[in-house]
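Trainee: What follows is each chain in one-letter form.
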Amino acid sequence: MTMRFTADELAPILAHHLGGAVTVEKVEGFPRGSSRETRFVTCRVEDGPLRELVLRSDFPAGSTDPNPLDLEYFVYARLNDADLPTARALFWEDDPARTDRPFYAREKIAGDWNIPHFSNPDPAYDDLRIAIAKEHISMLARVHAVDWRALGLGERLAIPVDEADAARSALRHARGQFLALATEPIPLLLEAIEWMSDHAPPAGRLCLCKGTNGYGEEVFRDHRLVGLSDWEEVSIGDPAADFAFMQGFLIDIVRDGQVIWGLQAALDFYESLTGLCIAVETVRYYQLLRSLRLAIMSHNSAAVLRRPDAHIRQGWTAAEVQHLAKRILGSAMGLVTPVDPARFAELNVSVDME
Amino acid sequence: MINPSAVQILRTIETTLVDVVEPAVGSTTARSALATIGHLLRHVALRIEGEGQVLADDIARLETLLADVRAYLEGAGDSTQAAAVAAGLDRAAMPVDGYPTLAMMGARAAGLRQTLQDALVHLQAQRAARAADAGYAAARSAIRTYLGEQILAEATLIDPAFADHGPRR
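Protein sequence lines, in the order shown, are assigned to chains A and B.
Taking numbering that gives the first Met the number 0, the leading residue of the first sequence gets 0, the next gets one more, and so forth.
Taking numbering that gives the first Met the number 0, the leading residue of the second sequence gets 0, the next gets one more, and so forth.
For the record, the hints were derived by calculation from the structure and aren't laboratory data.
Every residue, glycine too, gets a C-beta built ideally from N, C-alpha and C.
Accuracy of the hints is not assured; some may be wrong.
Unchecked claim - Just so you have them, the derived chain A footprint on chain B, three or more residues with Cβ under 8 Å:
#1 128-138
#2 144-151
#3 160-167
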């Protein structure tokens with residue numbers, strides 16, 4: 000029987016890992032997120048204080064992300080020892096005697112992905128938007144300074160040969176994952192990988208890259224970033240990659256006819272923190288690589304849809320998201336005309352933002 | 000003919016979800032699922048009406064393209080790869096009698112595209128050695144043209160269902 004993560008199911012499992020009888024007060028599904036399931040659990044161990052945990056699992060029919068769930072846990076666990084605001088990893092659970100759906104638990108950091116007024120188009124909130132974006136970029140600078148070798152992250156992550164190999168290393172990883180899925184032939188992806196390999200920029204340095212960033216990906220409290228979240232697309236590579244997927248933090252802000260914030264301003268700010276100059280063109284390149292990753296992830300969703308218990312969101316991912324990712328790749332290669340950027344903004348809107 | 004049509008039924012389902020079910024739903028998770036369902040219902044309606052023609056066109060383009068690729072491979076002395084393409088063209092042919100289902104057509108198109116993908120892997124491996132080969136450049140160019148056409152055909156089954164129809168999740 001498929002585990003449904005009810006309070007009754009979770010109580011004995013949490014007791015096993017947390018070292019005492021557990022009372023589960025509440026289990027709440029997190030509505031955002033398209034690749035995996037996230038649940039917030041409020042519980043009490045023995046007579047102790049209420050604790051809040053985050054549980055992450057694949058969808059019942061399988062994950063959207065071809066990177067395995069235990070890689071995400073591995074990264075959180077290794078980052079326990081890094082000087083970064085990340086939730087403490089608690090345990091990995093895949094014992095078939097206790098669950099037929101592997102999951103991991105981490106502590107929940109108090110805060111919210113949502114920032115009041117951030118999406119309010121009133122120019123009065125422009126300063127808030129810029130301050131939040133700078134807060135996030137400052138944190139990314141700390142991520143990029145992490146000694147990933149000392150943390151042993153190379154045990155599970157692909158390591159480029161050198162700075163010149165950064166993008167090609169990511170392409171080899173993507174190609175391997177695509178061909179291993181063997182769901183449906185998509186020759187466009189092979190053509191795109193070859194084209195991107197021809198145009199691969201060298202990295203300024205090799206560093207830990209978080210992968211998915213921006214509004215909706217992190218935990219904020221009182222306008223401070225208190226939890227770097229969502230490490231499922233983590234890699235070792237070019238820091239430019241982290242500017243390629245930064246939802247909502249790089250949008251142009253214009254005042255009196257002057258662009259006072261946007262991608263170039265963000266890169267300038269990053270350079271002021273790190274001394275590293277990243278070219279806009281390099282970020283554009285990694286946005287394309289991100290589209291390749293998206294095509295492979297949504298291709299994986301299509302495989303999951305073979306099961307009737309696939310999540311409805313995986314149906315959307317396999318249809319529209321996969322198509323748009325392919326179209327971005329096709330337009331970069333000059334095969335089709337570009338998609339209207341407004342279409343991409345639509346993809347990040349969820350019902351709880353209305 | 001059964002009236003209403005499948006597409007009409009799907010549209011009624013979508014309207015009922017929006018007008019009747021959605022107002023009664025309390026949780027964000029359920030509202031999010033309903034939003035996604037609405038998009039996918041429109042997508043399915045488009046596929047009912049248009050996917051047959053899209054697949055028929057795709058199969059025809061792939062058969063023409065693969066015949067050209069096979070001819071190039073034969074001329075270039077890649078007899079093993081040429082034979083593989085020929086086998087791919089022969090494999091999983093459409094049934095000669097009876098109306099083909101979308102699943103049959105989809106399988107035929109996917110089989111041909113697999114043959115194209117395998118040929119492309121071989122051609123990519125030959126790129127440096129055949130940099131001055133005009134036939135090679137023409138074969139690669141023809142493949143890229145097909146890939147662009149395929150994206151545009153797919154767009155006809157995607158864009159009207161999703162674009163400007165609200166949150167996806």
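Trainee: All the hints need checking, so say for each whether the structure fits it.
Mentor: A quick look at each hint next to the structure:
no. : hint    : result
1   : 128-138 : violated (count 0)
2   : 144-151 : holds (count 6)
3   : 160-167 : holds (count 7)
Of the numbered hints stated above, the single one contradicted by the structure is hint 1.
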